[in-house]
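From first to last, the protein sequence lines are chains A and B.
If you're matching positions, the first sequence starts at 1 in my numbering and goes up one per residue.
If you're matching positions, the second sequence starts at 1001 in my numbering and goes up one per residue.
In short, the hints are calculated from the structure, not lab data.
Don't take every hint at face value.
[Claimed, not checked] In silico lysine-lysine, DSS-like type, Cα no more than 25 Å apart, as pairs:
id : chain 1 : residue 1 : chain 2 : residue 2
1  : A       : Lys281    : A       : Lys15
2  : B       : Lys1144   : A       : Lys15
3  : B       : Lys1018   : A       : Lys15
4  : A       : Lys25     : A       : Lys247
5  : A       : Lys115    : B       : Lys1018
Just so it is clear, the structure is predicted and the values come from calculations on it, not from any experiment.
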Amino acid sequence: MMRLIPFWGCMMPLKYPQMELAIRKTLPNLGIELVDVDGFTCCPDPIYFKARNKIKWLTVAARNLAVAEETGIDIITMCSGCISTLKEAQYLLAEDPDLMAQINRRLKRINREYKGKVKVKHAVVMMRDDLGIEAIEKSVKRPLEDIKVAIHYGCHLLKPSQIMRVDDADYPSILDDFVTAIGAIPLDHDEKLLCCGKGCMDDELPLEMTESIFASIEASGADCMGLICPTCFSSFDMGQIMIARQKGKTYNIPVIYIFQLLGLAQGLSAEDIGLHTHRVKADKVLEKIV
Amino acid sequence: MPKEKVVVDFRFREKLNKITGGKHHNYCYQCSACVAVCPAARFTDEFNPRIILLKALLGMEEALIGEDSPIWLCTNCYSCYERCPQDVRPIEVIIALKNLAVERETAPANLAKLSENIAETGMSVTVSSAVNRRRQELGLPPLKTIPLEELKKILEEDEAEEPSSKKRKGEP
């Protein structure tokens, strides 16, 4: 049994608890024990909070890292925003001892210190590198045969690769391999690596980007979109409702978190992994699963 | 005809360097690799990371952090950071500019709305009784208590850390 601290962040436990549910149901089947600890806050978010004040953003991130470090157990994150903040904070603090001292001066007020020892990985990276793809394959009871998945990598799992060290940011395979391991077919499409647009503070641009991605997925003939990031999820699930309302175009492409797909392959029901909570229903995918 | 005289505001450039934690953006040689991979630039002519970097090099404070600055159109995708051959980290320059705009109070109103939750509640998403009800329906454990006291203490201003907008010793 591998023991790891899940860093849930905000989006999953508060906005999309079905994603947390899928993680809690699927990881134990792979020999992972999730050790919940007290004392975390938001990572904090790498877009808006960082845009306000970078030092405060780093301080809150370092505090979260220090909380985990005190337990001696390493962290996994399931959210691309959380992994982005925690990995970048670690990188910046390791790169600059003066900055580390400045941040630790703030943490000293609450008798904490970040030493730089805790390891942080995204769950999919831990699965690829520490468990191995074969372990995922072995946990599958019902391969998702003939289900064509258009993967959306999103930005923050991969970039900047200098910090994230996950995969080739221009030609990634980590999620394609994951989808293959559960018996489904990963499909390429033109906009596979386009940003969902959520971080852009404009009324129109984000929806235009989202729609480009849907048009590309529709042309690919995929049964669903498979994604890894809860922020992207809001762009795509609720986003499809917005596109239908504002642009009059209905795509009806189910948007499924990669661990929900794993859950289906492990034999869990749609309700077990909270698929019924999604705006765009996954019926056409579920019908294909025998 | 004489060319127009360009005055570089090195003080603004210094301010930026202080937040980005280096002089990365000084190495920008205007190659436009960032523009080629920028999704915002693909969808609108109003956003061009090369031009933002040029203005940052010239220290054009007003254009960059005045009202209606284009910096808020950045999608935060990190493609420019990934691609830049000079390790300029354009997105980090844009984020530093956003920090300065917040100090100057020219940031869009919804930035505060999107980020103040974290300082006040420890979470970016509002914690409500409906959230715990939904979690219960899905069979998830209740949310853990958020250590607000600790959060408040570490976010208090530090006298030793001067904000970038303050003048340094010896400056007029």
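Evaluated hints:
Between Lys281(A) and Lys15(A) the CA atoms are separated by roughly 18 Å; this keeps the pair inside 25 Å, and the hint holds. Restraint check for Lys1144(B) and Lys15(A): the C-alpha separation of about 15 Å stays at or below 25 Å, so the hint holds. Distance check on the hinted pair: Lys1018(B) and Lys15(A) sit about 36 Å apart at the alpha-carbon level, beyond 25 Å; violated. Distance check on the hinted pair: Lys25(A) and Lys247(A) sit about 37 Å apart at the alpha-carbon level, beyond 25 Å; violated.
Our distance criterion of 25 Å between C-alpha atoms is met by Lys115(A) and Lys1018(B), whose separation comes to about 24 Å.
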